[in-house]
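Hey, can you work out the whole structure from these sequences and the hints?
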Amino acid sequence: MELLKKYFGIVWILLGVYVGYERITDSLTKISSDKLEDRVFGWVILCVLVPIVVGGLILFGKYALNGEYKSNE
Amino acid sequence: MSAKRNKAKPKSTVDKRTLFSVISASSVGTLIEWYDFYIFGSLAAILSSQFFPKDNPTAALLSTLATFAAGFIVRPFGALVFGRLGDLVGRKYTFLVTLVLMGGSTFAIGLIPGYATIGFWAPLLVLLLRLIQGLALGGEYGGAATYVAEYAPEGRRGYYTSFIQTTATLGLFVSLGVILLTRESLGVDKFAAWGWRVPFLLSILLVGVSIVIRLRMAESPLFSKLKTEGNLSKNPLAESFGKKQNLKMVLLALFGATAGQGVIWYTGQFYALSFIQKACNVEFVQSNMIVAIALLAATPFFIVFGGWSDRIGRKPIMLAGMALGILTYRPIYDKLYSLSDLSQKQEFVDAQTIDRKSTKQDDGSLLTTMTTNHFYEGGLIAKDIEKTVTESPGGKSSKPELTKTIILPTASFWLMVLLVFIQVVYVTMVYGPVAAFLVELFPTRIRYTSMSLPYHIGNGIFGGLTPFIATALVATATKANEVAPGSVAKPYLEGLWYPILVAGVCLVIGLLYLNNKPYTTAED
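For the protein sequence lines, the chains are C and H, in the order given.
Throughout, this note's numbering is defined as the position within the first sequence, counted from one, plus 126.
Throughout, this note's numbering is defined as the position within the second sequence, counted from one, plus 51.
Wrong hints could be hidden among the right ones.
Unchecked claim - Here are the simulated lysine to aspartate or glutamate pairs, DMTMM-like style, with alpha carbons at most 20 Å apart:
#1 K132/C to E194/C
#2 K67/H to D361/H
#3 K295/H to E194/C
#4 K530/H to D164/C
The hints are simulated quantities; they were obtained by calculation from the structure and are not laboratory data.
Fair warning: this is a prediction, and the values are worked out from it, not measured in the lab.
This is the structure we're talking about:
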């Protein structure tokens with residue numbers, strides 16, 4: 127189990143990178159839209175959600191890979 | 052109950068009466084905060100016409116920002132500001148400040164003259180007050196949960212903090228009740244003209260009562276003990292997020308619990324209502340009644356699951372709530388849609404009726420409303436409403452505004468109540484134990500700061516984005532179907548992929564990395 131937790135760290139890092147790529151491209155499309163709602167929505171995703179998901183998942187994955195989440199049960 | 056009597060009591064000696072006074076003080080305040088927060092969302096359509104006319108691009112921008120910003124963006128900042136204050140000064144005074152800020156700004160929104168009177172100042176003032184509301188809400192929840200948990204006896208934190216968890220649902224319920232009562236007693240036209248201010252102005256009475264209750268309470272015993280011992284954190288922000296030991300728990304709380312909790316919460320309590328109103332076209336009062344009854348029936352389950360989590364652990368209950376949402380959302384929403392899907396129902400064409408009504412408006416124009424009633428098998432009624440405004444007698448008429456509403460027969464109404472009830476039960480599973488879970492994850496000296504941020508990012512940002520992302524996904528699927536008919540089988544269900552995926556990731560992380568036993572810190 128501990129090994130699984132550790133190696134899943136790579137999954138979280140890759141997931142962070144993928145979500146970042148996918149969301150950034152989608153946000154850029156929205157930002158160039160004619161509709162005001164779409165533009166604001168695009169900026170919100172780009173400036174708020176993307177940094178949290180990408181930064182958070184990569185850091186979480188790094189900690190998991192380093193074995194920081196060892197069970198104390 | 053006197054403040055003197057409560058002062059710095061060790062938690063083991065806190066009697067039940069004191070504990071329930073603490074819970075009441077915290078819950079009433081949090082309920083009011085949620086009430087204040089929800090009335091803006093529920094009255095969004097009326098407010099946008101009062102403060103944010105669509106023909107002015109700047110006002111329209113402020114309108115969009117007001118919806119986004121206060122809804123979730125500033126909440127994590129409120130968590131940081133007030134969390135830090137709560138760990139430095141104390142829980143009691145911090146969440147007294149958040150209450151005053153929240154209640155004061157809600158009351159002030161009810162006083163702002165419309166765009167027609169003060170122009171650009173109206174949307175600007177609303178935006179500012181919405182920002183204050185969001186900040187205050189960011190600071191309130193962590194304070195209330197921490198305050199109750201630090202009074203609660205060992206092994207019963209889940210049960211006692213679950214009372215705080217009911218307040219968001221009750222706040223939504225009370226706000227819907229007040230809006231419906233005001234609307235029904237004043238009539239639709241008066242409500243749209245000035246009656247919408249009543250729910251805002253009423254909040255000041257509730258806040259006054261809550262302030263009196265809170266002022267009589269003492270500081271939390273655990274915080275008082277730390278203060279007496281001189282062990283308070285000098286820099287809670289740096290300690291919470293600068294130290295790896297705490298930061299890794301913040302990330303675990305976010306990705307293993309609160310992000311999933313946020314999307315399940317927003318899907319059950321918000322997206323369900325929006326889906327019933329927009330995708331199913333169910334009439335305003337009936338759709339609100341469906342959600343209100345389901346909420347009322349499911350609310351006790353917050354306490355059931357909170358209490359249960361003390362015995363079997365927080366993890367299995369929260370993760371089971373997420374798993375159930377992932378597995379059943381699509382069939383549930385498909386059933387909701389089918390109940391009002393006219394293409395599947397036989398119409399009694401001969402029974403069709405048309406009502407025409409003309410009313411003179413305050414500005415002298417004439418509003419003509421033509422309602423065509425279609426009757427379907429099983430008692431379902433669909434109304435096509437066409438509104439036309441004529442500027443002056445014999446003058447130019449506006450482009451007709453068309454809306455469709457559906458009135459469900461009794462059997463379908465109650466089936467929708469059941470389907471929303473099931474979703475709210477999932478909400479109670481993920482949300483009931485989460486306060487105790489977060490409180491136990493962090494030490495007392497930085498608890499307010501540390502728990503508030505993952506909660507508000509998970510609930511506010513991941514959850515708060517649910518309606519917007521879901522709507523965008525539905526729009527994309529609908530557009531794809533227009534280009535290539537049939538390419539997406541059920542476009543109205545596409546919005547559910549966002550909560551399903553977020554809850555899915557959270558479920559896997561929770562299963563792998565969360566411990567089932569309560570996390571214990573050196574101080575507790």
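Hints, one by one, checked against the model:
no. : hint             : result
1   : K132/C to E194/C : holds, 9 Å
2   : K67/H to D361/H  : holds, 17 Å
3   : K295/H to E194/C : holds, 9 Å
4   : K530/H to D164/C : holds, 15 Å
In this structure, none of the earlier numbered hints is contradicted; all agree with it.
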